[in-house]
Amino acid sequence: MTDPIDWNEIWKESVTETNRVSTSGYWNSRADDYAKMVDTSDYNHGRNILNMFMELGILRNDWNVLDIASGPGALTLPFAGRVKSVTAIEPAAQMAACLAENTRKSRLSNIAIIQKTWQEIQVSDYEKQFDMVTCCHALWQFPDLLEQVRRMETVSRGYCCLAHGVETSEQELKKSVGVPLDSRDQFITLFNYLNDAGIYPNVNILSYSLMWPAGAAIASKERFVEKYRALTDEDRAIIRDYIARHTYNGIYRIPGRMGVLWWKVG
Amino acid sequence: MAATTIDWLRNWVEIYDSRLKAMQRDYSIDDWTERAGDYSERRKTNQYEFGENVYAALASHGIVGRTSRVIEVGSGPGTFVIPFSKHVGHMTAVEPAEGMIRVIRENAKEAGIDNFDIIDRIWQDVPVAEIRGTYDLVITSTVIWMFRDILQQIGRMEETTRGHCCVVEGIEGTDAQGRRIWQEIMGEVPFPLYPGYPIIYNILYQNGRIPQVRIVEATSRRSTEKLMKMYKVFYSLYTEFTPEVEEKIRSALLTDAQGGVHEGKYRSAVVWWDPKERRETA
Chain A
35 MTDPIDWNEI
45 WKESVTETNR
55 VSTSGYWNSR
65 ADDYAKMVDT
75 SDYNHGRNIL
85 NMFMELGILR
95 NDWNVLDIAS
105 GPGALTLPFA
115 GRVKSVTAIE
125 PAAQMAACLA
135 ENTRKSRLSN
145 IAIIQKTWQE
155 IQVSDYEKQF
165 DMVTCCHALW
175 QFPDLLEQVR
185 RMETVSRGYC
195 CLAHGVETSE
205 QELKKSVGVP
215 LDSRDQFITL
225 FNYLNDAGIY
235 PNVNILSYSL
245 MWPAGAAIAS
255 KERFVEKYRA
265 LTDEDRAIIR
275 DYIARHTYNG
285 IYRIPGRMGV
295 LWWKVG
Chain B
18 MAATTIDWLR
28 NWVEIYDSRL
38 KAMQRDYSID
48 DWTERAGDYS
58 ERRKTNQYEF
68 GENVYAALAS
78 HGIVGRTSRV
88 IEVGSGPGTF
98 VIPFSKHVGH
108 MTAVEPAEGM
118 IRVIRENAKE
128 AGIDNFDIID
138 RIWQDVPVAE
148 IRGTYDLVIT
158 STVIWMFRDI
168 LQQIGRMEET
178 TRGHCCVVEG
188 IEGTDAQGRR
198 IWQEIMGEVP
208 FPLYPGYPII
218 YNILYQNGRI
228 PQVRIVEATS
238 RRSTEKLMKM
248 YKVFYSLYTE
258 FTPEVEEKIR
268 SALLTDAQGG
278 VHEGKYRSAV
288 VWWDPKERRE
298 TA
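Note that the protein sequences, when read in sequence, are chains A and B. In short: position in the first sequence from 1, add 34, done, that's the numbering used here. In short: position in the second sequence from 1, add 17, done, that's the numbering used here.
For the record, the hints were derived by calculation from the structure and aren't laboratory data. Note that beta-carbon positions come from the ideal geometry of N, C-alpha and C, so glycine has one too. One or more of the hints may lead you astray.
[As the list claims (entries may be wrong)] Lysine-lysine pairs mimicking DSS-like chemistry, simulated, CA-CA at most 27 Å apart:
(1) LYS70/A - LYS208/A
(2) LYS282/B - LYS162/A
(3) LYS298/A - LYS162/A
(4) LYS298/A - LYS282/B
(5) LYS126/B - LYS103/B
(6) LYS243/B - LYS126/B
[What the hints assert, rightly or not] Derived contacts from chain A toward chain B, CB cut-off under 8 Å, selection only:
(7) LEU93
(8) GLU201
(9) ASN226
(10) ASN229
(11) ILE288
(12) ARG291
[To be verified] Cβ-Cβ distance ranges computed for the label pairs, FRET-style:
(13) THR151/B - LYS150/A: 54 to 62 Å
(14) SER77/B - ASP37/A: 31 to 39 Å
(15) GLU123/B - ALA146/A: 35 to 43 Å
(16) ASP76/A - ARG27/B: 39 to 47 Å
(17) GLU89/A - GLN194/B: 35 to 43 Å
(18) PHE208/B - LYS150/A: 39 to 47 Å
Generate the whole structure from the sequences, applying the supplied hints.
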C-alpha cells in the first residue's frame with residue numbers, strides 16, 4: 035500500500051531556495067518595475083480574484099480584508115474599491131512606498147499599511163478581526179506554511195484565500211541565462227498540503243496577464259538574475275533580446291494561470 | 018521528493034487492488050439493488066439537499082443551466098437526475114441495477130419530472146461513440162472508485178461531453194460511525210480505502226487538466242432499519258455475516274440513533290473541468 039506522503043517536507047523543499055534569495059532587499063530593488071507591472075496590468079490578478087468573489091456572491095461591501103505581502107497593491111487596491119477596509123502587510127520599504135503612492139493616486143482612504151513581515155505580526159492583537167485574509171503569489175516566503183496558515187485562520191472570522199501560479203513562465207529565458215527554473219509543482223504541493231491538514235479548500239483556476247513596459251520588464255529580469263549572481267554583459271544581451279522578441283506595442287505580456295484556494299474558517 | 022514525481026495513477030490502482038484483496042468478493046450489480054432503499058433515503062434527505070447543493074455550486078460557476086443536457090454516470094436512486102431535472106433541459110441516468118432503476122422511476126414520479134431517460138448499463142458498456150459530444154455535462158458521484166482504469170473511463174466521459182466533466186467525491190475521514198463499527202467487527206484489519214478525493218484531483222492535474230473544486234455540505238438522514246441493510250451488504254463483502262456481526266452493528270446503531278433516525282452532515286468535493294482546456298505539463 036502507498037506510504038503516507040510528508041507534504042510538509044515537500045513544501046519546505048520546494049520553497050527553500052526561493053525563500054533564501056527573495057529578501058526584502060531584493061523586493062526593494064524590484065519595487066519600481068513590479069509597481070509598473072501592476073499598474074500596466076491594471077491590477078489584473080487582484081481584480082480577477084475580486085471579480086470571482088463578486089460573481090460568486092460572496093464578497094460584501096462591509097468587509098475588512100487583510101492582504102498579506104501586498105506588494106504595490108495588486109490585490110489591495112481592487113479590493114479596497116469594493117470593501118470597507120483593507121489592511122496591507124508589506125515588509126519591503128520600497129514596495130510599501132509604492133502602495134502608499136498607488137493609494138494616494140486612487141484616492142482611496144480605506145487602506146492601512148503595516149510595514150512588517152507576516153511572521154512579525156502578533157495574531158492575538160487581531161483575533162477574528164478580518165472577514166477575509168489573502169496572500170497572493172507570496173507563499174514561497176513560508177517554509178512553515180501550515181503554521182502561518184493557522185495564524186491566518188486565527189485573524190479571520192470569515193474566509194482565507196491563497197493564490198499561487200499554476201504554470202511557470204519564461205522557462206526559455208531562465209534556461210538561457212542559467213538561473214534556477216521555478217518549481218513547477220508548488221501549486222499542487224500547496225493543494226495537497228492543505229487537504230492533508232484537513233482544510234479542504236475550494237479551488238478556482240483563473241487566467242491572468244502580467245504586463246510590463248519593455249524597460250521595466252528588462253529591469254525585472256536583470257534583478258531576477260542578480261538574486262543568484264552578478265549580472266554579466268552576456269546576461270544583459272540575452273534578456274534584451276528575449277524581451278524584444280516578446281514585446282508588442284511597447285508592452286511585454288506574460289499570460290498565466292493561478293490557483294485560488296479559499297475556504298471558510300470554521 | 019517533489020509532487021510531480023508522485024505516480025498518482027499507480028497510487029489509485031494500489032488502493033483499488035488493496036480493497037479487492039481485503040474483500041471476500043467484489044460488489045455485484047445485485048448488491049446495488051439491495052442498497053436502493055437506503056441510498057435513496059440518504060440522497061432524498063432535505064428534498065435532495067446534496068444534489069441541490071452540487072447543482073448550485075456548478076450553476077454559480079456557469080457550468081449548468083436551464084438548457085443543459087446532463088448525463089449522470091452511475092445514477093443510483095437518481096442522485097442528480099431527480100434534483101437536476103427541475104433546473105436543466107434533459108437528464109440521462111446511466112444505471113445498471115434494476116432496484117435502483119425502479120427507485121429512480123418512483124422518485125421521478127414523486128417529484129413530478131419526466132425530462133429524463135435511463136441507459137440501463139454499466140458505464141463501461143455504454144457505446145460512447147453513439148453519444149459523443151451530445152451532453153453539456155457528464156457528472157458522477159461516488160462511482161469512480163469502481164474504475165481501476167480510471168483514466169480510460171475519464172477519457173470516455175470527456176468524449177461524451179461538449180462542455181464539462183464533473184466528479185463528486187466524499188471527503189475522507191467524515192464517516193466516524195462507519196470506522197467505529199468496522200473496528201468493533203474487524204478489529205485490527207485496516208479500514209478499506211476507496212480511491213477518491215483528492216487523488217482524482219491529482220490524476221487530472223498531472224494529466225494536463227485544469228480542475229476546479231467547490232466543497233459542499235449536505236445532511237444525511239437514514240432510519241436504523243435502512244442503515245442496517247447498508248451495513249449488511251457492506252460486511253457480507255468483507256466477512257461472514259453472522260448473527261454476532263449483525264448484533265454488533267445493531268447495538269452500535271441503536272446507540273447513535275435519535276428516535277430511530279441517524280442524522281449527520283457530510284462534505285463532498287465537487288470537481289469539474291473543461292476537457293478542451295489543457296495546461297502545459299513538464
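Consistency of the hints with the structure:
no. : hint                            : result
1   : LYS70/A - LYS208/A              : 22 Å, holds
2   : LYS282/B - LYS162/A             : 25 Å, holds
3   : LYS298/A - LYS162/A             : 13 Å, holds
4   : LYS298/A - LYS282/B             : 16 Å, holds
5   : LYS126/B - LYS103/B             : 13 Å, holds
6   : LYS243/B - LYS126/B             : 22 Å, holds
7   : LEU93                           : 13 Å, violated
8   : GLU201                          : 6 Å, holds
9   : ASN226                          : 7 Å, holds
10  : ASN229                          : 5 Å, holds
11  : ILE288                          : 13 Å, violated
12  : ARG291                          : 7 Å, holds
13  : THR151/B - LYS150/A: 54 to 62 Å : 57 Å, holds
14  : SER77/B - ASP37/A: 31 to 39 Å   : 38 Å, holds
15  : GLU123/B - ALA146/A: 35 to 43 Å : 60 Å, violated
16  : ASP76/A - ARG27/B: 39 to 47 Å   : 44 Å, holds
17  : GLU89/A - GLN194/B: 35 to 43 Å  : 38 Å, holds
18  : PHE208/B - LYS150/A: 39 to 47 Å : 46 Å, holds
Of the hints listed earlier, those the structure fails to meet are numbers 7, 11 and 15, in rising order.
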